[in-house]
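Enquirer: Fit chain B to the supplied structure of chain A, relying on the hints for placement.
Below, each chain spelled out in residue letters.
2 protein chains.
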Amino acid sequence: MESHISGGGMDEKELRVANQRRVGSSESLVRILVVLLTLVAALVQWLDNQTKVVPTTPPTLPATYVSVTAKWYYLSAFVYLVVANVVACVYAAFSLVLSFANRGTKKSSLEQLIIILDLLMVALLFSAIGAAGAIGLMAYVGNSHVQWNKVCNVFGKFCHQVVASVVLTVLAAVAFLYLVVLAVFGLNKRSN
Amino acid sequence: MESHISGGGMDEKELRVANQRRVGSSESLVRILVVLLTLVAALVQWLDNQTKVVPTTPPTLPATYVSVTAKWYYLSAFVYLVVANVVACVYAAFSLVLSFANRGTKKSSLEQLIIILDLLMVALLFSAIGAAGAIGLMAYVGNSHVQWNKVCNVFGKFCHQVVASVVLTVLAAVAFLYLVVLAVFGLNKRSN
Numbered sequence: 021m022e023s024h025i026s027g028g029g030m031d032e033k034e035l036r037v038a039n040q041r042r043v044g045s046s047e048s049l050v051r052i053l054v055v056l057l058t059l060v061a062a063l064v065q066w067l068d069n070q071t072k073v074v075p076t077t078p079p080t081l082p083a084t085y086v087s088v089t090a091k092w093y094y095l096s097a098f099v100y101l102v103v104a105n106v107v108a109c110v111y112a113a114f115s116l117v118l119s120f121a122n123r124g125t126k127k128s129s130l131e132q133l134i135i136i137l138d139l140l141m142v143a144l145l146f147s148a149i150g151a152a153g154a155i156g157l158m159a160y161v162g163n164s165h166v167q168w169n170k171v172c173n174v175f176g177k178f179c180h181q182v183v184a185s186v187v188l189t190v191l192a193a194v195a196f197l198y199l200v201v202l203a204v205f206g207l208n209k210r211s212n
Numbered sequence: 021m022e023s024h025i026s027g028g029g030m031d032e033k034e035l036r037v038a039n040q041r042r043v044g045s046s047e048s049l050v051r052i053l054v055v056l057l058t059l060v061a062a063l064v065q066w067l068d069n070q071t072k073v074v075p076t077t078p079p080t081l082p083a084t085y086v087s088v089t090a091k092w093y094y095l096s097a098f099v100y101l102v103v104a105n106v107v108a109c110v111y112a113a114f115s116l117v118l119s120f121a122n123r124g125t126k127k128s129s130l131e132q133l134i135i136i137l138d139l140l141m142v143a144l145l146f147s148a149i150g151a152a153g154a155i156g157l158m159a160y161v162g163n164s165h166v167q168w169n170k171v172c173n174v175f176g177k178f179c180h181q182v183v184a185s186v187v188l189t190v191l192a193a194v195a196f197l198y199l200v201v202l203a204v205f206g207l208n209k210r211s212n
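As given, the protein sequences belong to chains A and B, one line each in that order. In the working numbering, each number is its position in the first sequence, counted from 1, plus 20. In the working numbering, each number is its position in the second sequence, counted from 1, plus 20.
Okay, chain A solo, but in the shape it has when bound (with noise of 0.2 Å):
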């Protein structure tokens, strides 16, 4: 009977190292498309810049042409972005290496902060998302009330740059609020 139950006792164990080890492959797998992600959105975002001759201002006769550029750094709310997504990049790399030098020895200190830096990366990605996605709204459609005219009929280019590293940033975002809630479902396992 007790050889019975220390039997059992093993397969849980067993069953509980090898559930771990998946969790910690796919946490690992998500941190490294993480860094993938944000990389990207920063460099499509960092590297956006469009030049186009536009009729002056007011327009004049005979009509005359100025050559006008848009470029990232203009506007505070990429900056921003561009930002957000090197920290998350910087941190998610970092994570990578921390969780990969936690596996072995369970620090469940270590664990903790992990997973709170994992939250603030959630906080800063969906903030700078917000104001990107503001900004890059407003340059869409404009707004006739404050008298803010669009900019995306002209600067086309510029504008499909601003959506893909928004796009990239979302998906960032939801594979760190992805990574908290399988740290919270491996908690909550462990805890029952």
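Derived from the structure by calculation, the hints contain no laboratory data. Errors might be hidden in some of the hints.
Chain copies aren't distinguished; within one or between two, either way the pair holds.
With a straight-line cut-off of 30 Å between C-alpha atoms, the simulated DSBU-like cross-links for lysine-lysine are [said to hold, decoys possible]:
id: 1; residue 1: Lys170; residue 2: Lys91
id: 2; residue 1: Lys72; residue 2: Lys91
id: 3; residue 1: Lys91; residue 2: Lys177
id: 4; residue 1: Lys72; residue 2: Lys177
id: 5; residue 1: Lys72; residue 2: Lys170
Remember, predicted model here, so these are calculated numbers, not experimental data.
Expert: Chain B alone, transformed into the frame defined by chain A:
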């Protein structure tokens, strides 16, 4: 010797129950605070409008003036801020009832659901903070590159109310962050 071990077990159990109760009341207090913060943040933004008499643009001779009103729903970022706060307020009230109902029973699936929804509120509120913050900043400083003029020099009271609402939303979002951290620490304590 056996009675000593049993007594020690009881003490530990009592300590755990007392700790859970302490965490539970702290959680309830934070949820009540969140209901109040998001309610006031939504109301402050929802009641935000200001009418000013300003000279016409372009200026005419003799000078003519028009009455211009700034309303919160003219800018979609502020509509998003109100909607996000209302959603967070309703959820916080609902989760308060749920966490009360869950206190005696310890249903881990319900506990997990609450943590995940708290996490989604963090994402929702921080994206709204980013959006309203970026548009608010643009209204405050303007941007010469895209020719979006600042409007806070005219509608000062309107902008102050936006700042108040954003600050209250930041506090509510940080409170949700704290709730997730509290839950993670609680689960981790139980798992050790």
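Enquirer: So, for every hint listed, does it hold in this structure?
Expert: Checked hints:
no.: 1; hint: Lys170 x Lys91; result: both (16 Å within a copy, 20 Å between copies)
no.: 2; hint: Lys72 x Lys91; result: within (12 Å within a copy, 35 Å between copies)
no.: 3; hint: Lys91 x Lys177; result: within (12 Å within a copy, 32 Å between copies)
no.: 4; hint: Lys72 x Lys177; result: within (11 Å within a copy, 38 Å between copies)
no.: 5; hint: Lys72 x Lys170; result: both (15 Å within a copy, 25 Å between copies)
Every hint from the earlier list agrees with this structure, and none is contradicted.
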